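Chemist: Using the sequences and the hints, build the whole thing.
Protein chains in written order, with this note's numbering: chain A, 19 to 230; chain S, 19 to 230; chain G, 19 to 230; chain F, 19 to 230.
These are calculated hints, taken from the structure and not from any lab test.
Predicted, not measured: the structure shown is a model, and the values here were computed from it.
Glycine included, each C-beta is placed from N, C-alpha and C at the ideal position.
Check each hint, because a few of them may be wrong.
With beta-carbon atoms standing in for the labels, derived distance ranges [unchecked claim]:
{"hint": "1", "chain 1": "S", "residue 1": "V62", "chain 2": "F", "residue 2": "G50", "range": "15 to 21 Å"}
{"hint": "2", "chain 1": "G", "residue 1": "G50", "chain 2": "F", "residue 2": "D216", "range": "28 to 34 Å"}
{"hint": "3", "chain 1": "S", "residue 1": "A221", "chain 2": "A", "residue 2": "P208", "range": "35 to 41 Å"}
{"hint": "4", "chain 1": "A", "residue 1": "D85", "chain 2": "S", "residue 2": "P129", "range": "40 to 46 Å"}
{"hint": "5", "chain 1": "S", "residue 1": "V62", "chain 2": "G", "residue 2": "R67", "range": "24 to 30 Å"}
{"hint": "6", "chain 1": "A", "residue 1": "R67", "chain 2": "S", "residue 2": "Q113", "range": "47 to 53 Å"}
{"hint": "7", "chain 1": "A", "residue 1": "A143", "chain 2": "S", "residue 2": "P129", "range": "29 to 35 Å"}
{"hint": "8", "chain 1": "A", "residue 1": "P208", "chain 2": "G", "residue 2": "R67", "range": "56 to 62 Å"}
{"hint": "9", "chain 1": "G", "residue 1": "R56", "chain 2": "S", "residue 2": "P82", "range": "33 to 39 Å"}
{"hint": "10", "chain 1": "S", "residue 1": "P82", "chain 2": "G", "residue 2": "A221", "range": "45 to 51 Å"}
{"hint": "11", "chain 1": "F", "residue 1": "G50", "chain 2": "G", "residue 2": "P212", "range": "51 to 57 Å"}
{"hint": "12", "chain 1": "G", "residue 1": "A206", "chain 2": "F", "residue 2": "R67", "range": "44 to 50 Å"}
{"hint": "13", "chain 1": "S", "residue 1": "D182", "chain 2": "F", "residue 2": "R67", "range": "56 to 62 Å"}
Number of protein chains: 4
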Amino acid sequence: MSVAQRSDAVRNRQRVLDAAAAAYAEVGPRFGMHDVARRANVGVGTVYRHFADREELIDAIARPFFDRTLELAREAEAEAPAGARFATFLRSFAQAQAEHGVTGHCAWDSPAAQAVRAELRVFVAGFLAADQAAGALRPDLTLEDAAAVLLTITMLVDATRDHDAAIWRRHLALVLDGLRPGGARELAAPPVDPAAWDAFARARKRDPNGRR
Amino acid sequence: MSVAQRSDAVRNRQRVLDAAAAAYAEVGPRFGMHDVARRANVGVGTVYRHFADREELIDAIARPFFDRTLELAREAEAEAPAGARFATFLRSFAQAQAEHGVTGHCAWDSPAAQAVRAELRVFVAGFLAADQAAGALRPDLTLEDAAAVLLTITMLVDATRDHDAAIWRRHLALVLDGLRPGGARELAAPPVDPAAWDAFARARKRDPNGRR
Amino acid sequence: MSVAQRSDAVRNRQRVLDAAAAAYAEVGPRFGMHDVARRANVGVGTVYRHFADREELIDAIARPFFDRTLELAREAEAEAPAGARFATFLRSFAQAQAEHGVTGHCAWDSPAAQAVRAELRVFVAGFLAADQAAGALRPDLTLEDAAAVLLTITMLVDATRDHDAAIWRRHLALVLDGLRPGGARELAAPPVDPAAWDAFARARKRDPNGRR
Amino acid sequence: MSVAQRSDAVRNRQRVLDAAAAAYAEVGPRFGMHDVARRANVGVGTVYRHFADREELIDAIARPFFDRTLELAREAEAEAPAGARFATFLRSFAQAQAEHGVTGHCAWDSPAAQAVRAELRVFVAGFLAADQAAGALRPDLTLEDAAAVLLTITMLVDATRDHDAAIWRRHLALVLDGLRPGGARELAAPPVDPAAWDAFARARKRDPNGRR
DNA sequence: CATGAATGAGTTTTCATTCAT
DNA sequence: GATGAATGAAAACTCATTCAT
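Modeler: Put into structure tokens, the structure is as follows:
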């Protein structure tokens, strides 16, 4: 009996999650909680039983994307040859984000994302090192540079969500191509101070009500 | 509250404008009208006297940036040597956006922006042609590619608004360097269909309430 | 404030209805929704939960009066002897309106009232025919004349709501007595064009905000 | 000089008055003060210089109608033969109201109207006496009955303002015809207590903001 | 556990009235 | 006197969140 109830609860949790994902995809991070409840065929109270507030709900719908992201990073590390790792990861990451439909750069603004970010950073650092060692990536590319590329691609995928995926694909190809060695001996701007980037990355979680 | 009138109406208008700019910068395009009034030390009615609704207010705060943008385009055309025009414009544009403080990519979502966009497109097309003819820009760079770069830089400048400008500067330098000739003979992704880009660009001005 | 729910939702709905009726009676069709909420000892949200907007609320408070009106028409048809039907109906109608306390002629301005009006028209046509055949009503009395009498009585009952009912009762008696045969062979004014009356009757439901 | 200014002021006052009358006729007693100013080609301040608030303005636009009403009463007294005075007055009064376009029964709700009412009452009492003496009006018709007829006709003229004047004309003819002697020996309802009517008449000036 | 009714603060917008110029 | 900018109190409606059932 209690098991049956529990399984019902699990089922409900998932329905809410799916509904929230759909709502997010449709109206963005300010989706209505009632809207979610309606889509899930569930009372609002049930939504709140499982997720204390919208933030938690967003975190929860972002979670599978985070997991997938780390999985993709592992895959890139395991399967892509040195020289193609960053590109491989970036492409699969963008593709996953485009498909997931829910988690744009807003999702990265959560506390839950911080841990993922940290893990990811290690992976990416490895990609850069390997690719640079293989001579496939310009040697002056820093981890912050890579993060900036990740961020802009993320924002572009988000922005073009309901449009032609060719847009971000082309831009990504263009940027990746430009990251190969052979550029200027010295770029026109100095590398970003890792601490500065960190401050920026941490600060992104601004409006608790999903304003932005 | 304040007692200004008549000649100071102009001053009040400016205060509202500044307040709105600050509000926009802080909470995004859904800033509250009362919030603006409070920041401007003015009654709500005064805000509405000068600007019929939020949209008009956003247009107004974006306007100077639009003007400045076209001015910068004219400058780049007149003063930058062929080969450096796109880069020159892009750098000054990003700088202006960072300084203006208000108008992020959201401001481009207004009807008022359409005309500016159209003008800008002509300028940029000219930059690309000149720079490509001068051998300073990869020949397969399309107008849509340039627009995507503009967009991502815009979003990055916005995102890093309250942080180290070195972030966007570095990224811009990196991307611009990558746009020089000498990349892959053929990019991994085909050019974006101009119509597809257009559809995307037009759709961005959709939600008047700044939902997303 | 209140803690009622579920089964008491019905009670709350009624409280809102009663409060709205009181508000209507006191300040007319432009009563404030917050005012209703306060009178009902309920949050505004509750008012809106039960009634999407003011119009729906007005319709709801008018409904029982409409039903009662048709009932009275049926009664007059069934119980009053030919010759006394119109008078019987008119008297009971005015009495019901005076008692109902809410629905003055303004309530007839709603879309919901149109159907009632149509039904009523059939009844009244029958009353006139029967009473005229019985020689109790002047033969030149048209349906539009009857409608005008209904309207003026309605307005008078409304206007005297908080005062001596003798006022409308006397006036009604006077007018009804004047409708008996034996008047001028030809009235000083021609009958009203049914289409003109119709145009007038339909126009009355125009301003949904109860301006005038 | 001061005379010239004075005459300007007079001219302005009239323009405001005319504008207010037009506004009243179009949107009813809740016309906007800014609306009036605009129609008068005058600043809002000027409206308020001449009339302390909307109430005063309404009183002012009602004034000529009051004057005209008394004038019509005098004319009826002077020109109509005994037997036709009440009818003559009533018809000309209704016509004037229909033409004046501004002053419905709302205008009668003002303190300014009280004096007019008192004067009118004397006239009407005279009409009734004369007409009854001439055998043209049922002898049991009281002053309150007459007042009720005046009121209902007023409300009907108001209600049909933008429609076929035949509506009120016909109703008036019908009612007047019914007021001739020859009705029931005794009406179904007793005369209205003059004090009761008085209480009612005085109470009508309810909402200072012209709500109703 | 689930439900959905209730709450009330918050948002946009309007407009009567005041008052500096 | 005239002007119209400024004010701020409504008013209608929304929605995240709570909590009795």
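Chemist: Hints first: check each against the structure and report whether it holds.
Modeler: Outcome of the hint check:
1. V62/S x G50/F: 15 to 21 Å: Between V62/S and G50/F, where Cβ atoms are some 18 Å apart, the hint holds.
2. G50/G x D216/F: 28 to 34 Å: Once the Cβ atoms are compared, 32 Å apart, the range 28 to 34 Å for D216/F and G50/G holds.
3. A221/S x P208/A: 35 to 41 Å: holds, 37 Å
4. D85/A x P129/S: 40 to 46 Å: holds, 42 Å
5. V62/S x R67/G: 24 to 30 Å: Holds, since V62/S and R67/G (Cβ atoms, about 28 Å apart) stay within the stated range.
6. R67/A x Q113/S: 47 to 53 Å: holds, 50 Å
7. A143/A x P129/S: 29 to 35 Å: violated, 45 Å
8. P208/A x R67/G: 56 to 62 Å: holds, 59 Å
9. R56/G x P82/S: 33 to 39 Å: violated, 47 Å
10. P82/S x A221/G: 45 to 51 Å: holds, 50 Å
11. G50/F x P212/G: 51 to 57 Å: The hint (51 to 57 Å, Cβ to Cβ) is violated, given that G50/F and P212/G are roughly 37 Å apart.
12. A206/G x R67/F: 44 to 50 Å: Holds - the Cβ-Cβ distance for A206/G and R67/F, about 47 Å, lies within 44 to 50 Å.
13. D182/S x R67/F: 56 to 62 Å: Given range 56 to 62 Å: holds, Cβ gap about 59 Å.
Going down the numbered hints, you'll see the structure goes against 7, 9, 11, while the others check out.
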